[in-house]
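K.L.:
Fit chain to chain and form the complex, with the hints in mind.
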Amino acid sequence: MTSTFRLAMRWLHTWTGVVFGWIIFLIFFNGTAAYFRQEITTWMKPELTASIDRAKSVSGAVAFLKTKAPDAEAWTISLPDERSPVADVTWQPKLKTGQAPAREDDDFQLPPPERHALIDSNGRPVATRDTDGGDYFYQFHFGFHYLPGFLSVLLVFMASLALMVALTTGLITHRRLFAGFFTFRQRQGVRLWLNAHTTFAVLALPFHLMITYTGVGILMFFLMPWAVFATYASPQAFNSIVEPHQHIPPVTGHTASLFPVTTVLSTAEAIWGGRAERVRITNPGDASVTITIDRHLTGLVAGKGASLTFNGVTGALVHPATSEPSMAATATAAVFNLHEGHFAQPALRWLLFLSGVIGTAMIASGLILWTEKRRRKLLDPDYPRRGFRIVDVLNVAVIAGYPLATAALFWANRLLPISITSRANAEILCAFVCWGLSLVWSVVRPSRKAWVEVFGVAAVLFLSLPFVNAVTAPRGTLTNLTHGDALYIGFDLVSLALGATFAIVALSVGQRDHL
Amino acid sequence: MSIYAAARSLLAPGSCQGGQPNKDVLKSSPRSPLRKRDVASRVCAAFFGGYGAASTVSMLLARVMPLAKADATTVAILLTPILYLLAILWAFSAASPSRAWAVLVAITVIAGGMTYAFILMGGRL
Chain W
1 MTSTFRLAMR
11 WLHTWTGVVF
21 GWIIFLIFFN
31 GTAAYFRQEI
41 TTWMKPELTA
51 SIDRAKSVSG
61 AVAFLKTKAP
71 DAEAWTISLP
81 DERSPVADVT
91 WQPKLKTGQA
101 PAREDDDFQL
111 PPPERHALID
121 SNGRPVATRD
131 TDGGDYFYQF
141 HFGFHYLPGF
151 LSVLLVFMAS
161 LALMVALTTG
171 LITHRRLFAG
181 FFTFRQRQGV
191 RLWLNAHTTF
201 AVLALPFHLM
211 ITYTGVGILM
221 FFLMPWAVFA
231 TYASPQAFNS
241 IVEPHQHIPP
251 VTGHTASLFP
261 VTTVLSTAEA
271 IWGGRAERVR
281 ITNPGDASVT
291 ITIDRHLTGL
301 VAGKGASLTF
311 NGVTGALVHP
321 ATSEPSMAAT
331 ATAAVFNLHE
341 GHFAQPALRW
351 LLFLSGVIGT
361 AMIASGLILW
371 TEKRRRKLLD
381 PDYPRRGFRI
391 VDVLNVAVIA
401 GYPLATAALF
411 WANRLLPISI
421 TSRANAEILC
431 AFVCWGLSLV
441 WSVVRPSRKA
451 WVEVFGVAAV
461 LFLSLPFVNA
471 VTAPRGTLTN
481 LTHGDALYIG
491 FDLVSLALGA
501 TFAIVALSVG
511 QRDHL
Chain B
1 MSIYAAARSL
11 LAPGSCQGGQ
21 PNKDVLKSSP
31 RSPLRKRDVA
41 SRVCAAFFGG
51 YGAASTVSML
61 LARVMPLAKA
71 DATTVAILLT
81 PILYLLAILW
91 AFSAASPSRA
101 WAVLVAITVI
111 AGGMTYAFIL
121 MGGRL
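Protein sequence lines, in the order shown, are assigned to chains W and B.
According to the numbering used here, the residues represented by the first sequence are 1 to 515, in order.
According to the numbering used here, the residues represented by the second sequence are 1 to 125, in order.
These aren't lab readings, by the way, just hints derived from the structure by calculation.
The structure presented is a predicted model; accordingly, all values stated were derived computationally and were not measured.
Each residue gets a CB set at the ideal place from its N, CA and C atoms; glycine is no exception.
Please note: incorrect hints may appear among the correct ones.
BS3-like cross-link-like pairs, simulated, lysine-lysine; straight-line CA separation at most 30 Å [claimed, not checked]: (1) 373(W) x 36(B); (2) 373(W) x 449(W); (3) 66(W) x 94(W); (4) 56(W) x 45(W); (5) 377(W) x 36(B); (6) 94(W) x 68(W).
What the simulated footprint calls covered on chain W by chain B, stretch by stretch (three residues with Cβ under 8 Å from a Cβ of chain B suffice, anywhere in the stretch; the number is not a length) [as the list claims (entries may be wrong)]: (7) 57–70; (8) 156–167; (9) 215–228; (10) 331–340.
If we strip away everything but chain B, and leave its shape as in the complex, we get (with noise of 0.2 Å):
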């Protein structure tokens, strides 16, 4: 339902509003700097599309580091509550949903795709 919203919102023009701070933020009340309808697509966006990002992000990472392959895994496993913590922390900081929707979408894209492609041309273990 929310990832519905979610998707609409992204493909509503003008949704992605570049870096303008959300000026509802500003308006209203100081107990609740988030607006209501919001705040599904970001919980959605922090857990889903957080897991998405922070596992791709350690995956490229236990690649691209200069480690030996199984410290290199370690560390990316070790290093993923973090990876999390950071998308969440952005989920509900970005100044709209949609935008947060977006760059967690993208480093997922970008990330997974740049392992693939690593995978591809270097095998694994």
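Just chain W, with the same shape it has in the complex (with noise of 0.2 Å):
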């Protein structure tokens, strides 16, 4: 390796990072959020109660559908566990004729309201209120939320191609990374930037290389199949082979009563030895009517494909599970399931969230290390402010502004009325509204001031947010000490570490004369 190229290398790992760090970050932050979007949810409708009974939500839920939905072609009952204590009922009606079908388990598409339900530990539905909840940032990690899909999508490809040169580029320039992990560097200015960032680097760089290749490879799969019209006439040829596509039975007619889904279920995991995350039951009502039930993904990565299909008049099995996935079905879900840790139980999930945490932090760190190292060469009157000045504001604006905006989302969701229509889209409305106030702020206040200011904030409203919860909530924070409800302590004691966190660095900020 030439120093050329090494050169040529920390340049592209500089401007990559400059030119996409706040999308990288945006990406990484929403990510690291939607490692726990169901248990976002469950705390953004809390008029959910904790209790869970899945044999009375389940036959609670086909009891609802029966009613509600009887003549639709698939019902999904999506079934309650320690991350959501309510049974997720969804239905599709059936198609008319000529009408193109709808792609099974269509994970990125979230289901309309009016086809969608929650059934609690009663068997009864809950009236909750409206919120995208964890879905908001599960949304926002590919989506923008407000920006339309090409744009988006052309965007989160680009950033995350980017992301996958500074990586690289930056291992190839740190050379002696880890002996520099453990070298004694002076605790200020651009040291201080240069250091947390290759902290922070270090820490989780498995993680890191993991969570960047699993992700450029699921867009793969979308962007670039270009693999696929080498070898296959059409992609659904290939599609099929390497998710087979359930059979569907031919609508006889003829009505028939459903055997028992909850007896239906152990059978399943007896067969497996372990748990079912969801039951879909196709043709209800009729003749034809089949139960297929998914197994959980907890404790596997390579998980998909493991479903059982029986026959919903006599209970008996009709696809059996002898069928092994493809090793190319097999590798696809690896990758899938490894980015979006499916498979990871609480103390995974935890540690996933923490590298997360981590990785957000890297590139916060090395966006504020390109304005510390140029900071001193605005005394030279040649030096172009305009790209610096550019740089300095949009990072208050996103590394401080974005977690103001999603403070100021979790408050919405508690204090704004119930009733008001489309209150969903009026909670996030807010918080965008806050990000905005945020980036006016930085562009009006001196730099310094402005990173005090907006991570003050959001400190505050981190901090305060417990304490919201408490008085408007059913479950609030003293409740739920006394009734050891983890999912809201975990809630509460993570917005009190990131309030910490920021007031620390508010303060720590507001106590030098430079960053």
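P.N.:
Next comes the structure, spelled out in structure tokens:
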């Protein structure tokens, strides 16, 4: 490796980082939050109680669907678990002739609210406030909420390539990364930020590499699947091998009653020796009805395809578990599952979340490093100030402003009146208005003061969130502590920790005369 | 605009300087080892040239890897990020933008042509 090569790689690291850093920061921040997508949804719907009764929820869901959507094409019941205490029920209307079938199990599309219900542990549907919950973070991770689909996919594609390039070039330039990790460095100025940046990079390096590779890998299946066209005449031919399509028997027209779903559930779980995640019932009410049980992915990295199909009238196993998924299907499922962390049990999920936090901090410290390295050059009258100013302002607006907007989203969830129309959108609008205000604030205020103030507000919002929750929600902070409501206690602790971190950053920046 | 610049630099006599290291790289300040006017061309080479090269090489790999068709295709798709990454690094480490373009376009044409020939000979599933 010549020094020219290393210099070029260093240049590439700096500029991919500073051009795409803010987008990568947002992707990391939202992706990290999305590790707790279901927990956040549960927190944002405080009408849900903590009690879980799976059998009652499932029979209640079936009874609800029989009256609500008797002639649907399919019912889907996501079973309650410790992350979400209710059965999540959706249904698909029958297709009109000539209509293209919707892609099955399309995880990227959220179900429309008119075909969606939650069944609690008493077997009754619960009315909850209208909110996107944790789905907001999941969707923002690749969809950027207000941006049109094509534009956000292009942005995410370019940003994820940039992240891959930045990680690789970072490794190339910092050859002596591991030696440098243990070197004493001064705790101030540029050195501090360089130290922080490399520490965050090394600390969770395996995670950074895994999450970047699997993230780009997932995008490749959608944006660059050209290899399929080299071997198959149509993408459908390939997809049918990777994701074997469930055979749906034709509707007979004779009515029949449904076999007890809970019995089928326990049969399936006995066959696997593991938990079920979802029940799908196709052609309900007809003699051709089938019950398909999907296995819970906890503890399984490559678990896709683990489904069992039963005859919905007799309860007999139709589609046996013996058919092993192909290597291609297993590899594809592994890439998706590694990225989305479906396999992670609580301890591992917390570790993934922590790694995501470290990754977010790595990007933030890298962006700050860019300005701190160049701040002294501002004394040089020939140094271009406009570019510096843009980076400086956007750093405050994104690194401090977006966490502030997130806190505002949670506040809006608790404080907006329940009855207002399109409340879910109003919550998100509140967050974006606060984000916009922090952008304006970072433009009008001197940069160091803006850091202190925006981080200060974010700290106050997060530190007071448990108290807002205690006052406004039936699952308030005191009841949590006495009942050991782990999900709510976890949420309170994370928001206190975030608030404390932002407060410490704001105070320490405020004490010094530079960042 | 920059594609036009790249095409012009490709066509200009003596623009492909063989294996010589780019002297401008060594002369310029350590902060920006790449000449400013080359950067746009290299960025386009990385994004568009890299896309072409990574796509066609993955197609060729799907054809030639000694695996079942579905497995070879999946492995080829999963290798695409690595191929794209290598192409981008090449676009910024090549001695000149024209060299970066020349190699990426050559890879695209050769891999694409070979894949096309394989499809003509062996057909598709």
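K.L.:
Holds or violated: residue 66(W) and residue 94(W), Cα atoms, limit 30 Å.
P.N.:
With a Cα-Cα distance of about 15 Å, the restraint between residue 66(W) and residue 94(W) holds, given a limit of 30 Å.
K.L.:
Hey, residue 56(W) versus residue 45(W), does the alpha-carbon distance stay inside 30 Å?
P.N.:
holds, 20 Å
K.L.:
Between the alpha carbons of residue 94(W) and residue 68(W), is the straight-line distance 30 Å or under?
P.N.:
holds, 14 Å
K.L.:
Three residues minimum, CB to CB under 8 Å: does the stretch 156–167 of chain W make the cut for coverage by chain B? Let me know.
P.N.:
holds (count 4)
K.L.:
Within a Cα-Cα threshold of 30 Å, do residue 373(W) and residue 36(B) meet the stated pairing?
P.N.:
With Cα atoms ~20 Å apart, residue 373(W) and residue 36(B) stay inside 30 Å; holds.
K.L.:
Cut-off 8 Å, C-beta pairs, minimum 3 residues; does the coverage of the stretch 331–340 of chain W by chain B stand?
P.N.:
It holds, with 3 qualifying residues against the three required.
K.L.:
Against chain B, does the stretch 215–228 of chain W show at least 3 residues with beta-carbon separation below 8 Å?
P.N.:
holds (count 9)
K.L.:
Hinted pair, alpha-carbon criterion (30 Å max): residue 373(W), residue 449(W). Please report holds or violated.
P.N.:
Since the Cα atoms of residue 373(W) and residue 449(W) sit roughly 19 Å apart, the hinted pair holds (cutoff 30 Å).
K.L.:
Does the structure keep residue 377(W) and residue 36(B) at a Cα separation of 30 Å or less?
P.N.:
At roughly 19 Å apart (the allowed maximum being 30 Å), residue 36(B) and residue 377(W) satisfy the hint.
K.L.:
Are at least 3 residues of the stretch 57–70 of chain W within less than 8 Å of chain B when you compare beta carbons?
P.N.:
violated (count 0)
The structure is inconsistent with hint 7 alone, although it conforms to all the rest.
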